[in-house]
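S.K.: Spelled out from the first residue to the last, the chains are:
Number of protein chains: 2
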Amino acid sequence: MEKIRIIENGGVTTAKGFETAGIYCGIRKKKKDIAIIKSDNPAALAAVFTQNKTIAAPVIISKRKFANSKTCTAIVVNSGNANACTGECGMIDAERMVSATAKALNVPPNEVIIASTGVIGQFLPIENIESGIAQLATLLSPNGSDDAAEAIMTTDTFAKTIAVSFSIAGKEVTIGGIAKGSGMIEPNMATMLAFITSDANIAQPLLQKTFFSAIARSFNRISVDGDTSTNDMAVMLANGASGTPEIIAGTPEYKLFSQALLQVTTELAKMIARDGEGATKLIEISVGGAMTEDEALKVARSIGNSNLVKTAIHGEDPNWGRIIAAIGYSGVDLDPEFIELSMNTYPVLGKKYHIVIDESLVQPSLKQKDILLSVNLNRGEKAANFWTCDLTKEYININASYRS
Amino acid sequence: MEKIRIIENGGVTTAKGFETAGIYCGIRKKKKDIAIIKSDNPAALAAVFTQNKTIAAPVIISKRKFANSKTCTAIVVNSGNANACTGECGMIDAERMVSATAKALNVPPNEVIIASTGVIGQFLPIENIESGIAQLATLLSPNGSDDAAEAIMTTDTFAKTIAVSFSIAGKEVTIGGIAKGSGMIEPNMATMLAFITSDANIAQPLLQKTFFSAIARSFNRISVDGDTSTNDMAVMLANGASGTPEIIAGTPEYKLFSQALLQVTTELAKMIARDGEGATKLIEISVGGAMTEDEALKVARSIGNSNLVKTAIHGEDPNWGRIIAAIGYSGVDLDPEFIELSMNTYPVLGKKYHIVIDESLVQPSLKQKDILLSVNLNRGEKAANFWTCDLTKEYININASYRS
Numbered sequence: 002m003e004k005i006r007i008i009e010n011g012g013v014t015t016a017k018g019f020e021t022a023g024i025y026c027g028i029r030k031k032k033k034d035i036a037i038i039k040s041d042n043p044a045a046l047a048a049v050f051t052q053n054k055t056i057a058a059p060v061i062i063s064k065r066k067f068a069n070s071k072t073c074t075a076i077v078v079n080s081g082n083a084n085a086c087t088g089e090c091g092m093i094d095a096e097r098m099v100s101a102t103a104k105a106l107n108v109p110p111n112e113v114i115i116a117s118t119g120v121i122g123q124f125l126p127i128e129n130i131e132s133g134i135a136q137l138a139t140l141l142s143p144n145g146s147d148d149a150a151e152a153i154m155t156t157d158t159f160a161k162t163i164a165v166s167f168s169i170a171g172k173e174v175t176i177g178g179i180a181k182g183s184g185m186i187e188p189n190m191a192t193m194l195a196f197i198t199s200d201a202n203i204a205q206p207l208l209q210k211t212f213f214s215a216i217a218r219s220f221n222r223i224s225v226d227g228d229t230s231t232n233d234m235a236v237m238l239a240n241g242a243s244g245t246p247e248i249i250a251g252t253p254e255y256k257l258f259s260q261a262l263l264q265v266t267t268e269l270a271k272m273i274a275r276d277g278e279g280a281t282k283l284i285e286i287s288v289g290g291a292m293t294e295d296e297a298l299k300v301a302r303s304i305g306n307s308n309l310v311k312t313a314i315h316g317e318d319p320n321w322g323r324i325i326a327a328i329g330y331s332g333v334d335l336d337p338e339f340i341e342l343s344m345n346t347y348p349v350l351g352k353k354y355h356i357v358i359d360e361s362l363v364q365p366s367l368k369q370k371d372i373l374l375s376v377n378l379n380r381g382e383k384a385a386n387f388w389t390c391d392l393t394k395e396y397i398n399i400n401a402s403y404r405s
Numbered sequence: 002m003e004k005i006r007i008i009e010n011g012g013v014t015t016a017k018g019f020e021t022a023g024i025y026c027g028i029r030k031k032k033k034d035i036a037i038i039k040s041d042n043p044a045a046l047a048a049v050f051t052q053n054k055t056i057a058a059p060v061i062i063s064k065r066k067f068a069n070s071k072t073c074t075a076i077v078v079n080s081g082n083a084n085a086c087t088g089e090c091g092m093i094d095a096e097r098m099v100s101a102t103a104k105a106l107n108v109p110p111n112e113v114i115i116a117s118t119g120v121i122g123q124f125l126p127i128e129n130i131e132s133g134i135a136q137l138a139t140l141l142s143p144n145g146s147d148d149a150a151e152a153i154m155t156t157d158t159f160a161k162t163i164a165v166s167f168s169i170a171g172k173e174v175t176i177g178g179i180a181k182g183s184g185m186i187e188p189n190m191a192t193m194l195a196f197i198t199s200d201a202n203i204a205q206p207l208l209q210k211t212f213f214s215a216i217a218r219s220f221n222r223i224s225v226d227g228d229t230s231t232n233d234m235a236v237m238l239a240n241g242a243s244g245t246p247e248i249i250a251g252t253p254e255y256k257l258f259s260q261a262l263l264q265v266t267t268e269l270a271k272m273i274a275r276d277g278e279g280a281t282k283l284i285e286i287s288v289g290g291a292m293t294e295d296e297a298l299k300v301a302r303s304i305g306n307s308n309l310v311k312t313a314i315h316g317e318d319p320n321w322g323r324i325i326a327a328i329g330y331s332g333v334d335l336d337p338e339f340i341e342l343s344m345n346t347y348p349v350l351g352k353k354y355h356i357v358i359d360e361s362l363v364q365p366s367l368k369q370k371d372i373l374l375s376v377n378l379n380r381g382e383k384a385a386n387f388w389t390c391d392l393t394k395e396y397i398n399i400n401a402s403y404r405s
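Quick mapping for you: the protein sequence lines, in order, are chains A and B. For the first sequence, the working numbering begins at 2 and goes up steadily by one. For the second sequence, the working numbering begins at 2 and goes up steadily by one.
Among these hints, one or two may not hold up.
Same chains, same names: a pair is fine if it fits in one copy or spans any two.
As the list claims (entries may be wrong) - In silico lysine to any residue, SDA-like type, Cα no more than 20 Å apart, as pairs:
hint: 1; residue 1: 256; residue 2: 285
hint: 2; residue 1: 210; residue 2: 260
hint: 3; residue 1: 394; residue 2: 317
hint: 4; residue 1: 299; residue 2: 68
None of these hints come from the bench; they were simulated from the model.
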């Protein structure tokens, strides 16, 4: 991985040929609430959308656009209102977002992807959004990434942004992106919202395949509260502006591109988990010794979604019994007596529930903000990781009074 | 149902021919922690056990006993220690609990069922338990139900106890029971701990069938935190002491018995949900208009396990968007635009997300301690209910410091 470099302060416009801007247009209370991301030319488009059957209007519209056309020039996103469960009126508003963006940027409507995030069941203040879009068009800049990252936030406490680069044929290729959490997070084939850009030269079908695979191993492996959102969407644009030869499947260049993309999506996914509503700790769950990757993931997800494990970690209590219990109800037909468990690299539990080292030696390490739970099922060679956060009183605070 | 009477202060010894006692023996801190329930004669035994693959020693021993013999004279239960993930030593301790009970009551060991609940991964103070059992044998009484109900509590805030009666051939038949919650509650084919007694005259195979069906519609339809315990167990004894003719499948008497049993298990299950760790409200989720009962249950369970719905109800916020989102990811392939939703009988949402009455009219009713969420999927005739509680800061308090 040393060929892949992380770019300081990198974001969604670090790759060549992209501009963005984020402003306040009157949806949230005095906070930036709308952004546009624009490619200089129609970029190859990859996208995955929520699997929730309750699907928001902007997701319906963007899915339809993606089915019809595999290039994209502009993405427009608002926060503060999800435009979900809004019926006919919501669909009309979503179409108006598309039209306003197409008009303001002078691009065809089928070159526009839209996204919304926020409260469910309220109508968009569509006039505010239309003026916001017109204003954004005049502000687009290669330096706008931080504004855009801020404009897509809801209960997030920090902006989620990253970029990496690597070389192909002596030329630099960059992949960067922004994402947002931080509640209703249990992505299923997509995440809350993530926008990735690259100047890589890659054909759309291969981009979609690689993107889908990266999402499956990153955004689809995090959870804040086990609630899959109605508005999840992850979108990637690749505009070829790096000027390299085309990236072809099976080549070392393709492998490098895939690794770099997985790094970008994984880092963004971990930022979402770390910034889960009310969270104070990032919990990484690493399950090995499984018969299949799916089995490893099932076990990791079961641990990561356990309220009891998440509150124990919050209390800095090395309560391994709750982890073993969560493994037991994961749905995998395993024998728990073979399990070995470690916390922050301290071996806690050996086979047959043998206590390897005293919990009092492990406990101080749980004061860290990054917690690693490693599980060896000792029944195969496959592994999977999952990321979540601790469950705190602040989560209750945020969600018992979200709208009031 | 008017033929079934609820008995005031009824419990696990209201049925004829049962005695019980509960005392402190030195497991918990100065709280009652062990109980015996005894039938005058070997009673027909019905039982269901946790489906968690991480299964506690007492459950292994009791499952084995149940496989070998379908009658039972005594049940011994301790709280404060689950005897789970304790390996060989835990199995030996569990066997010692059986032996001590058999000896103290002068019954064969294969007439004894054992159960434990509490912290995972610690060894039982088995000498304390053995002296406790010897002492309990001298204290058994038809008036001991409240003590026994108290002795099986862990983080429960109130004892869970009920009895009902009805008549067969001019004689009174009683069914009563006790149960405990209140964390790691997402029963799967059993609940945390429930003990039901009856003086009904019914053959064991029919008792087991009826019990299994009642459990499936009561204890298996509650959730506190979505965590399935390692120690779940529900046991029923029927000793025939009512002196009625045998209850035969397909008769009106059998129907009456089944209804009364379902009432007992449902009321106990609701008490567990109401007393969920940190809970302030009981939430009943009633889903109708489904194509199958399983489909209705999937939707109800998805709503009942949503942290976002549970915190919204805690905040007395009629946030129907979170309910519709939870229905959308339930795994049922439905169209959410057909859903109708009411809260505490106020129609909130009509088809196509039509707002029927303003939320401000609904909100005051959410101050109640009993909340009813009714969902009509409008795609069939089947229905199912599910019970859960709100998610509060006190849940975090309890579980971030359970052992310290």
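S.K.: Would you list, in rising numerical order, the hints stated earlier that this structure does not obey?
M.R.: 1 and 4
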